[in-house]
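Heads up: the sequence lines are chains A and B, in that order. Taking my numbering, I'd label the letters of the first sequence as residues 1 to 225. Taking my numbering, I'd label the letters of the second sequence as residues 1 to 370.
FYI, nobody ran anything at the bench for these hints, they're computed from the structure. This structure is a prediction, so every number in the text was calculated from the model and none was measured. From the three backbone atoms N, C-alpha and C, an ideal C-beta is built for every residue, glycine too. Among these hints, one or two may not hold up.
As the list claims (entries may be wrong) - Derived pair list, reagent style DSBU-like, types lysine-lysine, alpha-carbon separation capped at 30 Å:
| # | chain 1 | residue 1 | chain 2 | residue 2 |
| --- | --- | --- | --- | --- |
| 1 | B | K358 | A | K105 |
| 2 | B | K145 | A | K105 |
| 3 | A | K31 | B | K133 |
| 4 | B | K358 | B | K320 |
To be verified - Partial chain B-side listing against chain A, Cβ under 8 Å, derived:
| # | residue |
| --- | --- |
| 5 | A136 |
| 6 | L138 |
| 7 | N142 |
| 8 | N146 |
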Amino acid sequence: MVAPADPSNPTGGSLVDSIYDVYLKALLAGKRAACLAMVQELIQEEVSLKTIYLDLFQRSLYQVGELWERNRVSVAVEHMATAITENAMGLLHPIIFAAEHCGRKTIVSCAANEFHQIGGKMVADFFELHGWDGYFLGANTPVRDLLGLVQEQNPDLLCLSLTIQANLPNLIRHIETARASFSRLDILVGGQAFRWGGREAAERFPAVAYVESLDRLEEIIRGST
Amino acid sequence: MRKPMKNLLLDYLDRHASLLLLEIAADGTIRGANNYARQLLGDGLKGKRLGDVFLDFREDLDLARLVEERRKPHLINVATAHGLPQTFHFRFYPLENHVVAIGEMNSIEVENLRRELVQVNNELNNLTRRLHKKNAELTRLNELKNDFLGMAAHDLRNPLSAIIGYGEFLLMEAGKLSRPEHAELLKDICSLSRFMLAIINDLLDVTAIEMGKLVLKLRPDDFSALLRKTVKMNRIFAEKKGIALVLEDRLPPEKVCFDAGRVNQVLNNLISNAIKFSGAGTRVTVTAAVDRERLIVSVHDQGPGIPAEEMSQLFVPFPKISVKASEKEKGTGLGLAISQKIIAAHKGRIWAESEKGKGSTFFFSLPLQT
Numbered sequence: 001m002v003a004p005a006d007p008s009n010p011t012g013g014s015l016v017d018s019i020y021d022v023y024l025k026a027l028l029a030g031k032r033a034a035c036l037a038m039v040q041e042l043i044q045e046e047v048s049l050k051t052i053y054l055d056l057f058q059r060s061l062y063q064v065g066e067l068w069e070r071n072r073v074s075v076a077v078e079h080m081a082t083a084i085t086e087n088a089m090g091l092l093h094p095i096i097f098a099a100e101h102c103g104r105k106t107i108v109s110c111a112a113n114e115f116h117q118i119g120g121k122m123v124a125d126f127f128e129l130h131g132w133d134g135y136f137l138g139a140n141t142p143v144r145d146l147l148g149l150v151q152e153q154n155p156d157l158l159c160l161s162l163t164i165q166a167n168l169p170n171l172i173r174h175i176e177t178a179r180a181s182f183s184r185l186d187i188l189v190g191g192q193a194f195r196w197g198g199r200e201a202a203e204r205f206p207a208v209a210y211v212e213s214l215d216r217l218e219e220i221i222r223g224s225t
Numbered sequence: 001m002r003k004p005m006k007n008l009l010l011d012y013l014d015r016h017a018s019l020l021l022l023e024i025a026a027d028g029t030i031r032g033a034n035n036y037a038r039q040l041l042g043d044g045l046k047g048k049r050l051g052d053v054f055l056d057f058r059e060d061l062d063l064a065r066l067v068e069e070r071r072k073p074h075l076i077n078v079a080t081a082h083g084l085p086q087t088f089h090f091r092f093y094p095l096e097n098h099v100v101a102i103g104e105m106n107s108i109e110v111e112n113l114r115r116e117l118v119q120v121n122n123e124l125n126n127l128t129r130r131l132h133k134k135n136a137e138l139t140r141l142n143e144l145k146n147d148f149l150g151m152a153a154h155d156l157r158n159p160l161s162a163i164i165g166y167g168e169f170l171l172m173e174a175g176k177l178s179r180p181e182h183a184e185l186l187k188d189i190c191s192l193s194r195f196m197l198a199i200i201n202d203l204l205d206v207t208a209i210e211m212g213k214l215v216l217k218l219r220p221d222d223f224s225a226l227l228r229k230t231v232k233m234n235r236i237f238a239e240k241k242g243i244a245l246v247l248e249d250r251l252p253p254e255k256v257c258f259d260a261g262r263v264n265q266v267l268n269n270l271i272s273n274a275i276k277f278s279g280a281g282t283r284v285t286v287t288a289a290v291d292r293e294r295l296i297v298s299v300h301d302q303g304p305g306i307p308a309e310e311m312s313q314l315f316v317p318f319p320k321i322s323v324k325a326s327e328k329e330k331g332t333g334l335g336l337a338i339s340q341k342i343i344a345a346h347k348g349r350i351w352a353e354s355e356k357g358k359g360s361t362f363f364f365s366l367p368l369q370t
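Bound conformation, chain A alone (with noise of 0.2 Å):
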């Protein structure tokens, strides 16, 4: 896969390109420390957030996912690869949350027994990183803790993320909830699941569309910001 080029910073794609492949046998490995010293490396040569979310990470993980798939790595490397892959998140937090703010709120979250969450995640970061207060609920968020949030933050946009294409039931049930509560409130949904299908359940429903990629909601960011 090629790297997009990178607006910001148009040598970061390839940057990104040079380590990858060291960057995913230090994943593999479990090598924590070896893959946050590659992303800081990354972070001080300016590559964009954007870059190191869609062409590092999500690259990776996508990978490290097809390989459990075909049995080639165990669980465990999996789980590894997920909780590396946080940890270096976290090392762009001082960028994410720099922006300046544009008085607008989404609020993040992934349906219930949803357990992979950095999908998720990105989406809020992305929000942040466009000026917008991007709350983010975590993995597995009960229907009641969401809507409370809802109620208290009055978000401009909801947004849900699947990953597991048999949590679809417990997406809708969010949808269907939101939706009964909080008529006028604009949902997104989006993430690995929808590429078995279920699009048109969850937008079967008003004011929900789905997202089929970052680039995609980064357009819908800028155009309603």
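Based on these hints, arrange chain B on the given structure of chain A.
What follows is chain B alone, placed relative to chain A:
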């Protein structure tokens, strides 16, 4: 199963399988072990008692009963050679006049533990994210506050200066006023206006410092000369209250690198506070000396002292201190907070010692840079 296959399996179990195989004699001692057991539990297994290897194995546990219950796995922790215990599911089988214990790693427990760890890691990362977010919000609010303070202070300072100017001019013409009490009112107007201006100037100072705009003009200078000048100026106020203001200068003649204007501000603050909280007939002593690589200044008064529980608040803005000035003089509440920032910017330290009824001593140190 044919014999070659059996032999192959046996060889595999002995050399390569991740199963613990222990051959136990009737007296409870270990007679043999496979390769995995020897690697995990250490060499010298032969002759060891089961109780030495099985951490929660009780001596009264009946091997015969364990053999009878062989369909049921027993969860047992074993002491590994690395020191950390590991959990295995054991089944016990009779073999001639021995017992064979076969232990499998408790994969369900391990899987549960892993899942738990992953969740804990997720929660920790989520909490860290929330912390960073809150921190960023607080920083923005602080900047907003500083901007507001700065604007408000600037907008208030000019009119106040005008009020003070007009008041002082009118006081000069006090003899022409129709009623003598009007002169007193004018004095009050000037004095209160000056106090408000002092608060505004201090607020501007605090705002500038918090926004990182405190820039020190460090130059080699004569510290003793500054001390003498500041003490001389404050002696006028001290003598009005019947307080002796004394300087004990033990500094060497070499020049020291510091911002004279800002250090003067600190000295004035400490000395004027000491005078404020002292009564007639007492003494305020200013001492300066060098101690290793630091210049240390102390200002000691014989005032009422500060209660121990209030000491931690001294250097915060608007501290709630129960001690009152001896003649009810007012302070802005920002002097010590500003002094601390100035001294910290010099890479020095400011602190206080006090005892109720015995007075207080305020210290500050500056690194000696020539």
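- Query: Which numbered conditions among the earlier hints are violated in the structure presented, ordered from lowest to highest?
  - Reply: 1, 6, 7, 8
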